[in-house]
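So the protein sequences, as listed, match chains A and B. Counting from 1, one number per residue, gives the positions in the first sequence under full-length UniProt numbering. Counting from 1, one number per residue, gives the positions in the second sequence under full-length UniProt numbering.
It should be emphasised that the hints constitute simulated quantities derived from the structure, not laboratory data. Warning: the hint list may mix true and false statements.
As the list claims (entries may be wrong) - Cut-off 20 Å, straight-line C-alpha distance, at most; resulting in silico cross-link-like pairs (DMTMM-like, lysine to aspartate or glutamate):
| id | chain 1 | residue 1 | chain 2 | residue 2 |
| --- | --- | --- | --- | --- |
| 1 | B | LYS548 | B | GLU256 |
| 2 | B | LYS451 | B | GLU387 |
| 3 | B | LYS600 | B | GLU574 |
| 4 | B | LYS283 | A | GLU130 |
| 5 | A | LYS83 | B | GLU219 |
| 6 | B | LYS286 | A | GLU93 |
| 7 | B | LYS240 | B | GLU219 |
| 8 | B | LYS600 | B | GLU520 |
| 9 | A | LYS29 | A | GLU93 |
| 10 | B | LYS232 | B | GLU256 |
| 11 | A | LYS62 | B | ASP431 |
| 12 | A | LYS62 | B | GLU256 |
| 13 | B | LYS275 | A | ASP78 |
| 14 | B | LYS600 | B | ASP462 |
| 15 | B | LYS451 | B | GLU603 |
| 16 | A | LYS29 | A | GLU189 |
| 17 | A | LYS83 | B | ASP431 |
| 18 | A | LYS62 | B | GLU387 |
| 19 | A | LYS62 | B | ASP413 |
| 20 | B | LYS226 | B | GLU282 |
| 21 | B | LYS442 | B | ASP411 |
Said to hold, decoys possible - Pair ranges (Cβ atoms, derived):
| id | chain 1 | residue 1 | chain 2 | residue 2 | range |
| --- | --- | --- | --- | --- | --- |
| 22 | A | GLN132 | B | ASP411 | 22 to 32 Å |
| 23 | A | THR73 | B | LYS286 | 44 to 54 Å |
| 24 | B | GLU437 | A | GLY138 | 32 to 42 Å |
| 25 | A | THR73 | B | VAL447 | 26 to 36 Å |
| 26 | A | GLN132 | B | LEU227 | 52 to 62 Å |
| 27 | A | TYR126 | B | CYS280 | 13 to 23 Å |
| 28 | B | LEU609 | A | LYS192 | 30 to 40 Å |
| 29 | B | VAL447 | A | ASN168 | 48 to 58 Å |
| 30 | B | GLU263 | A | GLY138 | 33 to 43 Å |
| 31 | B | TYR325 | A | ASP58 | 33 to 43 Å |
| 32 | B | ASP411 | A | MET162 | 26 to 36 Å |
What the hints assert, rightly or not - Simulated coverage check for chain A against chain B, where a stretch passes if three residues somewhere in it have a Cβ under 8 Å from a Cβ of chain B:
| id | region |
| --- | --- |
| 33 | 88-100 |
| 34 | 158-165 |
| 35 | 174-185 |
A virtual CB, placed ideally from N, CA and C, is assigned to each residue, including glycine.
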Amino acid sequence: MGCSSSLPDRNSGRLGGLNPENGSANDSKNLRVKLVLLGDSGVGKSCIVLRFVRGQFDPTSKVTIGASFLSQTIALQDSTTVKFEIWDTAGQERYAALAPLYYRGAAVAVVVYDITSPESFAKAQYWVKELQKHGSPGMIMALVGNKADLQEKREVSAQDGMEYAEKNGMFFIETSAKTADNINQLFEEIAKRLPRPPAS
Amino acid sequence: MPSPSNSSSYSSSSDEKNPNSAPNPKPPSIDQSLDAIENQLASISTFQPGSLLEPESEFGVNDDEIREELVNGSINEIEELPGNSEEKLKASSSRVWANVSEMEEGAAPSSPSSSGYAGERGSSATSGVEEYGNDDFNDDEIVEVRSNGDFDGVAHSPAPWTPGKRHGDEDDDSVSWRKRKKHFFILSHSGKPIYSRYGDEHKLAGFSATLQAIISFVENGGDRVKLVRAGKHQVVFLVKGPIYLVCISCTEEPYESLRGQLELLYGQMILILTKSVNRCFEKNPKFDMTPLLGGTDVVFSSLIHSFNWNPATFLHAYTCLPLAYATRQAAGAILQDVADSGVLFAILMCRHKVICLVGAQKASLHPDDMLLLSNFVVSSESFRTSESFSPICLPRYNPMAFLYAYVHYFDVDTYLILLTTSSGAFYHLKDCRIRIETVLLKSNVLVEVQKSMLEGRMHVEDLSTNPASHPGIASPHLSQSRLATDSTERLTEFIGVGGPAGLWHFMYRSIYLNQYVSSEFALPINSLRQQKRLYRAYQKLYASMHEKDVGPHKTQFRRDENYALLCWVTQDFELYAAFDPLADKALAIKACNRVCQWVKDVENEIFLLGASPFSW
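One chain only, chain B, in its complex shape (with noise of 0.2 Å):
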């Protein structure tokens, strides 16, 4: 194995090479120093678990992505921590957990610190390096490699673990972060950490200072490091001007993937800070970028949340809530007179879905522009205590100004978006919202979004029971089938009968409309495991449907030990079908035609029509 200071100093001459390093040829010592990294990450795998077991302590976690090691070495993937907590209760007594709640990020208040600005970044946690000096790794190297008296290669980790038993907290935080199966980290080019996932940003300064080193290595050999394959590890990288992101995953997502959720994560400081944060760099390359990030760990923790569940990340358009056309109609004329009124954007949301959706004359909203923007609402809590008025910034429409947002809540799920462009519209956005809310309360509107949240939603049982006449959104049907959902939603060995075919679940996205729906789960994907576990199946079908080199595919049809996918892609839409993997082929594409139909038939509901065109 190479040597730490070979590896650090990038100018080795080992002839060593690992296959599994970087693709583009590279002189050796980059690949040591990305074999390094492969090393530290790796490395948890060598792990006693006894220190790690804490079972209980799981209680307080439900996003997070660990490795699960069982006692006997043997390495085991869990994919997620069930969100709810009889799934937990299942979990923990059936499964050894490694110790992760701490590191949760954002659930534990932050504690009040001088500097006003770290203790609200909610990194409570802590990843044991701040004993060394922060800004030469070269020093951390020496001080770790003597500390740990590791001599393969783990010649980069800031973060330095000690096998067995820690004493406190910080380290065994330092060793949960390197259990972690997905690291996002946002640093500056002269790497100083902007953002991590896990850990505290302060205390990855040696961390980051290696990834940078890394990019900025390749650039001066006038070329661009996009992936490294690191044995299971991928490490994704994307520069930014001054902004470099990184993600380290070994979840077995395709590089095309995570290289789109680095683009949304720096999507998603854009809207906070706009571009002209490079400007910063330009005046002082050093600059410390963190300050103006301060308050915001939940919104980019909410958005690498969501690439676990919401499907618009890749899918790139957005899903609105099923709603009978007259309602979503009433809704719409509300919106538009008031964009004719001086509002750029009028986004009526419930959650993540839309109801209706209002642009000004010529303008158009990025679908990504609109997870960033209700992804960046829903997860900062200040905007349900009150009516607020703050700056924000749509990448797409325009990466380099703000616009001011007026942001309401109407009940706990339901909010109103206003965008302007005039900073002084306030009073003008509240008279607008006032408006609204009498007509959204004359004509039901609310009513109707707060049943069709519980009820109307497009279930592929339906499919089977119902095949001759159309399936209505809000048919009695519908939510008996809801209901008979959460009562079974508690058996562990359910036998899935879903829709016909073997039917377990699908999305639609038309391509004209840039929207898409998707199916309730059926019961054999009732957990949000194995809802995490589609999702990342269905994104590799989209990466695979997409592919520049041989695409563009028009059908696919995969089986595995999960399930039967097919994949079918038109110039109109695009139709993604999770089936039992026993389910017969023919039948299969009969189930996937009717869906079609289904959707065409019900598409006043599902979808927002005559919203003002897409065009980018």
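The shape of chain A in the complex, shown without the other chains (with noise of 0.2 Å):
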């Protein structure tokens, strides 16, 4: 066996340290701010994040692993950059135990949906709520009705996404990877609403 020398695992019960330095580090012209994206699997958070940071859509579906890690970086009309530094989560079950490891201080979290499937809206919720409780303070949550092409199979309306975005503090959208319809405007949204540092 190999586990001779194996190590306890003794960091098992600290998360928290996937920040940089906080969830957002930040002059008042460079933003930096860290994204995490919650969603049942399946739903498009993958592709909403390789449309907004490579403009692509690849229709054949790719399992997410753990979580990856990408960035982007937006210049918005005041000159203001923020860089986006996202953690695309994955959906299956066996990782819900992790996810604090990667919306633990994140400045943002994107919690997605498929707007044909009633199933992944009830996970929605359950994301915000698992936020609301050990979220950061102060964390901006948008809640996302992705696949929104697929109007004619819609199980989720827009009203219903809306209603609870707003009861729960979020700002929402829907968007579509596919046709890439509102995904700039999803994270140009999430960036004007972030906090700016007080000009030193």
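Build the complex: two chains, separate frames, hints provided.
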């Protein structure tokens, strides 16, 4: 056995190390924020990120393992830049217990569901509650109904999404990673809502 | 034949004994239930082939085992559908193939499903059982016996089939499901399906329950079922606490090999979930594990595929990408640097071959863990998209605890895995990766790796053409012979030259290093099917050399219509060599001596030397 030299898993209880410094490290013109995507498996979290970061859409589903890390910088009209450091988490059940590792210290959480799947909407509500309990205080939360291009298969109305978002102080948007609809708007809207550090 | 009701209740008093059944003497009833499985599997050969013939559908397939049926009813076995399309064209023009394309795991994009999980498992194939209750296989049985009017003991079949034309894909799937030569199942001790190589797990609940019933029947008798021979089929069982693994195969692989494959399958599951998953079964014996494995179908199917082509699966050793000593040293130095900063293992790999590997002090990595880890990374597409951080468990290192893996691809083939015990180490590992990348680029390692992928391998032909000088790894001669291989690959009837004495292929495993090196395949073994057949022959040889009762042997020379195989085991190494079946024995032995010398001469380049010692 290779266990003879096995280290005890002494770090297992210690979460929250996945922060560069803080959730956001900023000077007044260049913001850096940690953003985490959460949601059921198959709702299109990775597709949203890849559309935003690389402008790509890959219809073949690639199940995310653990979490992927990507970053993208956008420039706002007021000439500030925002660098998003994005944790694209896996939606599988076995990773649920690890989610705190990724959302702890995040300044922004994007909770995604699939408008054709009420189950995924229920899962999104689970994540919202989880974040309200354990997320960073003052975290910006967005509720995203993805796959908006599949209107004919819609099972979660925009009204339901919006109402739930409003009730929970979230920002709501419906997107389509496939058509790129509202993807940039999502991240721009988030960027606008970021607290600005006082100019030094 | 035993009646269905007898075998289902396990209380039969029938005197009929099946001579092919369980080797350990057991009450006749178990023979019957096993008999039932055999019949169920064997019944496929009674098919009218007419409904199965869809030659054009086979083009999506690259790893599948089916039994080919000729129209006259005689059975011919095809070990594998060849992977490259030319081979397929050849094959389809000369042979009649059963329809298998829909069964290919992971080939079809997963359909989004309401559960989220079912779609992601990629098990698009169905077995045609869904119309029956899942938990009660007695019900299934009755329905089935009625539905197909089968009175020859097909008692436990959860997947009824009807001969002749079927309507819809599901039914065809069910037919082809039975035609598979090699099934793998993982199930829980309560009989809940966890994984099936073919077919949708949820729809195989009845079949799983049957397997569970067999295992627990024997266990209730204070015994353990390991192997059942049923005609051409072997049913191999492996019990790991609450997890049962079963392989049903008619590939004639030795029991030891199949059992080893089940062990690896179990290890792969532990790598994803750790052994602490057992606790779920302590809390709830009927726990359904399938959601926990969501999205990992492709990992398992890729592992099972590797049983056909990756000798690491039975040699329990890893292989290195051939590289100039200095190049590997350069990579090793930076990995060592990183390992000293709190990384447990730093592994740089190119596909399934190791470029360099460094462990923290006293940490050792078992070759099986490396195999499972690289299979996990290579088969999971998402790692290629961007850098990732994921919990994984190394079953031989510590089966109870997760480690955290930072994975990054430098190019399409070359990737870095950094393992740590700290869940918060991502940014540190990311920095490490950036440092490593800088060094690799500066010292040209990645370019050398690509070059080696293309040309720097051991060709048996070089043993004959250049016996006096040391055949170098990157000599121009090697690349020439590679080109020659490519251009002649399309010839169907090639009279193989191979190396001296008709040497076609060899594998050399260094026992001390726990590494192996294998030559390129000589032309007579140029198709995937032939390579798979050779690996199977090696596997048999390996099993016979390591047999506990008679072994360990020192040398073995066996000749059949396909090859002359020579195996030589010493304290330091094991050599497996395949020759032309007409090869002269004395010359073959000479050639093997030269191979060993050759390996010694280039060991700096084909092995990773001075890696942290392996101890387990």
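Hint-by-hint comparison with the structure:
no.: 1; hint: LYS548/B x GLU256/B; result: holds (11 Å)
no.: 2; hint: LYS451/B x GLU387/B; result: violated (24 Å)
no.: 3; hint: LYS600/B x GLU574/B; result: holds (13 Å)
no.: 4; hint: LYS283/B x GLU130/A; result: violated (24 Å)
no.: 5; hint: LYS83/A x GLU219/B; result: violated (60 Å)
no.: 6; hint: LYS286/B x GLU93/A; result: holds (18 Å)
no.: 7; hint: LYS240/B x GLU219/B; result: holds (13 Å)
no.: 8; hint: LYS600/B x GLU520/B; result: holds (17 Å)
no.: 9; hint: LYS29/A x GLU93/A; result: violated (39 Å)
no.: 10; hint: LYS232/B x GLU256/B; result: holds (17 Å)
no.: 11; hint: LYS62/A x ASP431/B; result: violated (26 Å)
no.: 12; hint: LYS62/A x GLU256/B; result: violated (35 Å)
no.: 13; hint: LYS275/B x ASP78/A; result: violated (53 Å)
no.: 14; hint: LYS600/B x ASP462/B; result: holds (15 Å)
no.: 15; hint: LYS451/B x GLU603/B; result: holds (18 Å)
no.: 16; hint: LYS29/A x GLU189/A; result: holds (17 Å)
no.: 17; hint: LYS83/A x ASP431/B; result: holds (18 Å)
no.: 18; hint: LYS62/A x GLU387/B; result: holds (14 Å)
no.: 19; hint: LYS62/A x ASP413/B; result: holds (18 Å)
no.: 20; hint: LYS226/B x GLU282/B; result: violated (24 Å)
no.: 21; hint: LYS442/B x ASP411/B; result: holds (16 Å)
no.: 22; hint: GLN132/A x ASP411/B: 22 to 32 Å; result: violated (43 Å)
no.: 23; hint: THR73/A x LYS286/B: 44 to 54 Å; result: holds (50 Å)
no.: 24; hint: GLU437/B x GLY138/A: 32 to 42 Å; result: holds (36 Å)
no.: 25; hint: THR73/A x VAL447/B: 26 to 36 Å; result: holds (30 Å)
no.: 26; hint: GLN132/A x LEU227/B: 52 to 62 Å; result: holds (55 Å)
no.: 27; hint: TYR126/A x CYS280/B: 13 to 23 Å; result: holds (20 Å)
no.: 28; hint: LEU609/B x LYS192/A: 30 to 40 Å; result: violated (58 Å)
no.: 29; hint: VAL447/B x ASN168/A: 48 to 58 Å; result: holds (53 Å)
no.: 30; hint: GLU263/B x GLY138/A: 33 to 43 Å; result: violated (50 Å)
no.: 31; hint: TYR325/B x ASP58/A: 33 to 43 Å; result: holds (40 Å)
no.: 32; hint: ASP411/B x MET162/A: 26 to 36 Å; result: violated (45 Å)
no.: 33; hint: 88-100; result: holds (count 8)
no.: 34; hint: 158-165; result: violated (count 0)
no.: 35; hint: 174-185; result: violated (count 0)
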